[in-house]
Structures are given as C-alpha cells and as structure tokens.
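Colleague: Sequence:
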Amino acid sequence: MPKSLDFLVEFLRLSKPFWSSKQKLKIRGITFLLAILTIMQMILAVVVTQWSAALFNALEQHSMRGLITQIGVLAIIFVADMAITGTHLATKRNLQIYWRDWLTDHVISRWMHDGRHYLISHLPGEHDNPDGRIAEDCRVASESAVALGHSLFYCILLLIGFSEVLWSRSGVVTLNLDGWQIPIYGHLVWIAIIYTALASWLGWQVSLPLTAATNARQSAEADFRASLLEAQENSQAIALIHANNYERQLFRDLFYKIRDVWNTQTTAWRNIQIFSTGYASLNMAFPILISAPRYILGMISLGTMMQAAQAFQQMVGALSWPVGNAGGIAEWRASVERVLSLLKVLDNVDEELAQPDHWIQVKTSDQPVLAFRDLSIAKYDGPVLANNINMEIGLGEHVLITGNPYTGAKLFRAIAGVRPWGRGVIELPSQGRLFFMPPRPHLPTGTLRNAICYPASRRVFSQEQLEQALRLVGLENLIDQLDQQDNWINTLARGEQQLLGMVRLLLNRPQWIFLQEAFDSLDPQEEERMLRLINEQLPDATLLVISHLPNGEAFYSRRLAL
Numbered sequence: 112m113p114k115s116l117d118f119l120v121e122f123l124r125l126s127k128p129f130w131s132s133k134q135k136l137k138i139r140g141i142t143f144l145l146a147i148l149t150i151m152q153m154i155l156a157v158v159v160t161q162w163s164a165a166l167f168n169a170l171e172q173h174s175m176r177g178l179i180t181q182i183g184v185l186a187i188i189f190v191a192d193m194a195i196t197g198t199h200l201a202t203k204r205n206l207q208i209y210w211r212d213w214l215t216d217h218v219i220s221r222w223m224h225d226g227r228h229y230l231i232s233h234l235p236g237e238h239d240n241p242d243g244r245i246a247e248d249c250r251v252a253s254e255s256a257v258a259l260g261h262s263l264f265y266c267i268l269l270l271i272g273f274s275e276v277l278w279s280r281s282g283v284v285t286l287n288l289d290g291w292q293i294p295i296y297g298h299l300v301w302i303a304i305i306y307t308a309l310a311s312w313l314g315w316q317v318s319l320p321l322t323a324a325t326n327a328r329q330s331a332e333a334d335f336r337a338s339l340l341e342a343q344e345n346s347q348a349i350a351l352i353h354a355n356n357y358e359r360q361l362f363r364d365l366f367y368k369i370r371d372v373w374n375t376q377t378t379a380w381r382n383i384q385i386f387s388t389g390y391a392s393l394n395m396a397f398p399i400l401i402s403a404p405r406y407i408l409g410m411i412s413l414g415t416m417m418q419a420a421q422a423f424q425q426m427v428g429a430l431s432w433p434v435g436n437a438g439g440i441a442e443w444r445a446s447v448e449r450v451l452s453l454l455k456v457l458d459n460v461d462e463e464l465a466q467p468d469h470w471i472q473v474k475t476s477d478q479p480v481l482a483f484r485d486l487s488i489a490k491y492d493g494p495v496l497a498n499n500i501n502m503e504i505g506l507g508e509h510v511l512i513t514g515n516p517y518t519g520a521k522l523f524r525a526i527a528g529v530r531p532w533g534r535g536v537i538e539l540p541s542q543g544r545l546f547f548m549p550p551r552p553h554l555p556t557g558t559l560r561n562a563i564c565y566p567a568s569r570r571v572f573s574q575e576q577l578e579q580a581l582r583l584v585g586l587e588n589l590i591d592q593l594d595q596q597d598n599w600i601n602t603l604a605r606g607e608q609q610l611l612g613m614v615r616l617l618l619n620r621p622q623w624i625f626l627q628e629a630f631d632s633l634d635p636q637e638e639e640r641m642l643r644l645i646n647e648q649l650p651d652a653t654l655l656v657i658s659h660l661p662n663g664e665a666f667y668s669r670r671l672a673l
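Note that my numbering has the sequence shown beginning at 112, numbered continuously upward.
Calculated from the structure, these hints are not laboratory results. On a predicted model such as this, the values are computed, not experimentally measured, just so you know. Backbone N, C-alpha and C fix where the C-beta goes; we use that ideal spot for every residue, glycine too. Be careful, since some hints might not be right.
Said to hold, decoys possible - Here are the simulated SDA-like pairs of lysine to any residue, each with C-alpha atoms no more than 20 angstroms apart in a straight line: (1) K521 <-> V473; (2) K455 <-> S220; (3) K521 <-> D485; (4) K133 <-> D216; (5) K490 <-> Q542; (6) K490 <-> I208; (7) K521 <-> Q542; (8) K455 <-> R250; (9) K455 <-> Y229; (10) K133 <-> I208; (11) K135 <-> L123; (12) K127 <-> L263; (13) K368 <-> E358; (14) K137 <-> Y229; (15) K490 <-> K521; (16) K455 <-> E121; (17) K490 <-> Y229; (18) K521 <-> L539; (19) K521 <-> A497; (20) K455 <-> L234; (21) K203 <-> E121; (22) K521 <-> S232.
Said to hold, decoys possible - DEER-style ranges, computed between Cβ atoms: (23) I369 <-> Q343: 36 to 44 angstroms; (24) H553 <-> S220: 15 to 23 angstroms; (25) T196 <-> R605: 17 to 25 angstroms; (26) I369 <-> G140: 37 to 45 angstroms; (27) N588 <-> S452: 42 to 50 angstroms; (28) N345 <-> N588: 20 to 28 angstroms; (29) E237 <-> S131: 34 to 42 angstroms.
The task is simple: from the sequences and hints, build the whole structure.
Modeller: Now the structure itself:
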C-alpha cells in the first residue's frame, strides 16, 4: 500500500471517533450546515458568471436598460455573498474548535492515563516534545483538516457546476484531417483537464520536498522550545554554577538547526512560489486566448466568451486543488504524523502492559500488608537491578530501604504502578491510602494554597488546617502568602519545597508513606525532626524510607537491602 494511502487510513482511523463522540449531534449538524453553505457558495459562483455574461452582452449591445438591470442583480449578489460568507466562516471555525477540543482531550487522556507520560519518556520511539505535539500539532491537524476538507469539497462542487457551463459554451469544433472531419464536443473542457493535469503533476513534483522540510522544522522548533523551558525551570541552578555561557551556546546550536531546516523549507517554498506565480499568470490569459478566435470569427458573443473564460478559470482552479494546497497539505500531514507517532508509542505501551508475563504485577490484597513476592526490578532494556525480593510489611512498621537508592526509587515507582519493568508480584493493601514523597514535590504555578493542596481541590482543607500544618513544619512565615500567585519552584529554596511536601503529608494523613530522600536538602537535625513529627502526628502509619540520615536507625524497625 502506498505511503500516502497508509497515511490517509491512519488519519481516518484517528478521526473516526470524533464523529461519534458525545457531541456527535451538534458536530454533524454543524458539518451539514457547512456543506449547505458551501453548496450555496458554488451556486453563487455560477450565478456570477451568468451575471458577467449578461453584463458584457449589454455592453456589447450598448443597452442602458440592460446595464441598469445588471446593477440591480449585482446588489442582490453582493448582499447574498456577504451573508453566506460570514455565516460560513463562523460555522467552519466552530467545527475547527470542536475538532481541536476533541483531539486535544483524546491525546491528553491517553498521555496522562496511569502515568503513561512518565513511561514513554523511558521508551524508544518518536515521541519527543509531547507538549508541542499536543498544543501545536493537534491544532494544525484539526484546523487544517477542516480547512482542506472544505476547500476540496468546494472544488468538487465547482468542477461539477462549471463543467456543465464550460461544456455548453464550448460548442462543437470540427477538425479537418485529410478530408476527414472530426467533431469535438466540449473542447474547452478537455483542454482544461489536460492543461490542469500537466500543471498538477509538475506542481506536485515541485512540492514534494516541502513535507520533509516542514516535519524537520517542527521537530527543531519543539527542541528549541523544550530547551528554553528546561532552562527556565532550572534557572537557579544555572545561575549558581555560572552555566550561562554553556546554556547560551546550547540555545545557539539548537537555533542553528532551525536555521538549517528553515533554509531547506525556504528553498522548497521558493520553488512552489515560482511555479504558482507563473501558473497564476498563465491562468489569467490562457482561457481568453483559446476562446478569442471563435469570438473574432463571430461564432460567439462577447458575453459568452467572458463566461467561458471564467468557467474555464473556475474549472482549472478546482482541478488544481492539489497544487494550490501543496504547502497546507505538507504542514497538515507533518502535524498529523507527529500526533500519530505519539499515539503509536502509547499504543505500544498498552500492548506490552497487556502481556502480564513481561511486567511486574501489581495486585490488591485483602490483608493489611504490603507484600513483595519473588520480585525482580529491571531496566527497560533488560539488566536486572534487584532480584528475589520477598517481604511482607504490616501496618505501623517503619522500614529503611538500604543499598542502592537508585534501585530503591524504582521500587517505589513499581509500587505506584508507573514503572513495571521486572518480574514478580507486588500486593497492595486494600485499605488505606498510599502517599509518595519524591525528593522534590511538584508545586504548580498559581497560588501557594493551590500548590500545597495539589492535586486535591483547595476547598478540601480549611484555613485552620493549612495554618496548623505550616506551623508544625516551621513555615509559618508563608501563611500570609497562601493566596499569592507565583512560580513557587523558582521562588522557594529546595529545603522549603521539601517542607511543603511534609505539609501535604500532614494534611492528607495517609496510612502508607513512601519517603524517597524527601528531606535530603535539610540538615540532619531537621530531617530527624520531620521523622519524629510523622511519628507524633501519624503514629499508626507505615513508612518505607530511602534516606542517608546517619543517626536515623532508631526510627526503623526493619531493613530492606537492595
């Protein structure tokens, strides 16, 4: 199957659920209205050519009455054209935003499902810069699909409508070949088809390099944006170690890639523009030139010649749709392929996770224990990091994870169900909430209140609860800033961020707590204080801790060596 056909099949498979989504009645209604308005636009275009023929005939006959009549008809056409065009634009944009809304939600739902956004970051495949694929490529894929689909439908209608007009105005041309007289019916239609077929083939050849160039540019732009975003998120670390020149050179190198693909794209666009300009200039004169001999010979009137010329131009324009939209098709296809490649990687993850023998199995037990049964932890590409882990941890136990903290972090992710590589079974207790504290809590931009309550709603916790938790951990100075908006990752020191993670823990009061070097930015005395605070506030909670605290043995009843 040709690549273009494969691509169309994949795109249709992607877009099919949109037409049967929850808002299918509204979507289908908008699409039907758009089709009706497009038909009306085509009818109006045919009426304009008829009006043009009548106008030129009136001018040729020096008829003032005919001229005044055509002015009145023009006023009606003018009002109808404005009304149809305005309604059509609003309807088309409504369909575009509905499709973009659905596609964006569809991709985000797949990407954020059960930590897939984390899993695919460790897997091979074309899924770099998912933010750009979701924000920009979903927009281009949906908006351009509507725009290109509408223009194609309109061109088909023009082809149907003006083929009949051009055929009727062509008459019969007779060729004399050595005494043989061969009548040719609708010769202008055949000339238009041959002329457009040749031009379309040449135009398509000229536009072929644009698809690859557009895809390369979108990838380069996404890499550049991602690098800038990474620098913004780590601005404090960059400033402290004076890595400004390194980052500047990195930005410059990434932008040089943009310049390279920009030049390649410019060359492709230049060739298309040269061809399109010449083609447009020829279209302006060619239909009049081929109709002029019949007018000069008195076989047709001036109005008929102008109507035939306009019908020829409309038919050629309709047949030239692939050439005229080559750039838009290239950009649309590149964006759709980037969205499809992200979804393909997510499909691969789903398929692999559906094979239970290849992954760690996370199950729920009726017993109030966390159990590891013949558990092995491995990397995605195969190497085993820890083997034959067998252990049962009951309510209220405090377990210190020793050995390699890198492997311990992967154990926590396996328990959370976001890193399934390995073998064996993890049994989770059916009762009680699991709470994970990474080394750096995520603090979304916004008010401090929302950042602390994340991912729960701010209404879950009262002002009194927030103030009490902040005072317990020693952050009472932030009470007055609870409703202040800021980028807290850049505003607060790492130690303060870890203390906010402790505030979340106290607010949520979980029964199963997993601390992954959650207080490593605090001094040992402060880290001990946090562990004592957990013991005091949550005496029945189970703790699994990865820590380098030198004098913390008294807090733990058991060890798990990795």
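Colleague: All hints, please: hold or fail.
Modeller: We went through each hint and held it up to the structure:
Proposed proximity of K521 and V473 is supported: the alpha carbons are some 14 angstroms apart, at most 20 angstroms. With a C-alpha separation of about 14 angstroms, the suggested pairing of K455 with S220 holds against the 20 angstroms cut-off. The straight-line distance between the Cα atoms of K521 and D485 is roughly 16 angstroms, inside the 20 angstroms bound, and the hint therefore holds. Restraint check for K133 and D216: satisfied, since their Cα atoms lie roughly 13 angstroms apart, inside the 20 angstroms limit.
Simply put, K490 and Q542 have alpha-carbon atoms about 30 angstroms apart, too far for the 20 angstroms limit, and the pair is violated. Restraint check: the Cα-Cα separation between K490 and I208 comes to about 41 angstroms, which exceeds 20 angstroms; the hinted pair is violated. Taking the CA atoms of K521 and Q542, the gap is near 23 angstroms; set against the 20 angstroms cutoff, the hint is violated. For the hint linking K455 to R250, the alpha-carbon distance of about 19 angstroms falls within 20 angstroms, and the restraint holds.
At roughly 15 angstroms between alpha-carbon atoms, K455 and Y229 fall within 20 angstroms of each other, so this suggested pair holds. At most 20 angstroms may separate the alpha-carbon atoms for a hinted pair to count; K133 and I208 meet this at roughly 15 angstroms. Distance check on the hinted pair: K135 and L123 sit about 16 angstroms apart at the alpha-carbon level, within 20 angstroms; holds. Among the hinted pairs, K127 with L263 is consistent with the structure: their alpha-carbon atoms are about 19 angstroms apart, no more than 20 angstroms.
Between K368 and E358, the direct Cα distance comes to roughly 16 angstroms. Compliance with the 20 angstroms bound is thereby established for this hinted pair. With a C-alpha separation of about 35 angstroms, the suggested pairing of K137 with Y229 is violated against the 20 angstroms cut-off. Pair hint K490 plus K521 holds up; C-alpha atoms about 9 angstroms apart against a cutoff of 20 angstroms. The hinted pair formed by K455 and E121 meets the criterion: a straight-line CA distance of about 11 angstroms does not exceed 20 angstroms.
For the given pair, K490 sits about 14 angstroms from Y229 by alpha-carbon distance, which is consistent with the 20 angstroms threshold. Distance check on the hinted pair: K521 and L539 sit about 16 angstroms apart at the alpha-carbon level, within 20 angstroms; holds. Distance restraint check for K521 and A497: the Cα-Cα separation of roughly 10 angstroms lies within the 20 angstroms cut-off, and the hinted pair is therefore satisfied. With a CA separation close to 12 angstroms, the supplied pair K455 and L234 stays within the 20 angstroms bound.
Among the hinted pairs, K203 with E121 is inconsistent with the structure: their alpha-carbon atoms are about 24 angstroms apart, more than 20 angstroms. This hinted pair checks out: K521 and S232 have alpha carbons roughly 15 angstroms apart, not beyond 20 angstroms. Under the hint 36 to 44 angstroms, the C-beta atoms of I369 and Q343, about 19 angstroms apart, miss the expected range. The beta-carbon spacing between H553 and S220, approximately 20 angstroms, falls within the hinted interval of 15 to 23 angstroms.
A hinted range of 17 to 25 angstroms is violated for the C-beta pair T196 and R605, which are about 58 angstroms apart. In this structure the supplied range 37 to 45 angstroms holds for I369 paired with G140, their Cβ-Cβ distance being about 42 angstroms. A beta carbon spacing of about 48 angstroms between N588 and S452 agrees with the range 42 to 50 angstroms that was offered as a hint. Remark: the range hint 20 to 28 angstroms for N345 to N588 is upheld by a beta-carbon distance near 25 angstroms.
At about 28 angstroms, the CB distance of E237 to S131 disagrees with the hint of 34 to 42 angstroms.
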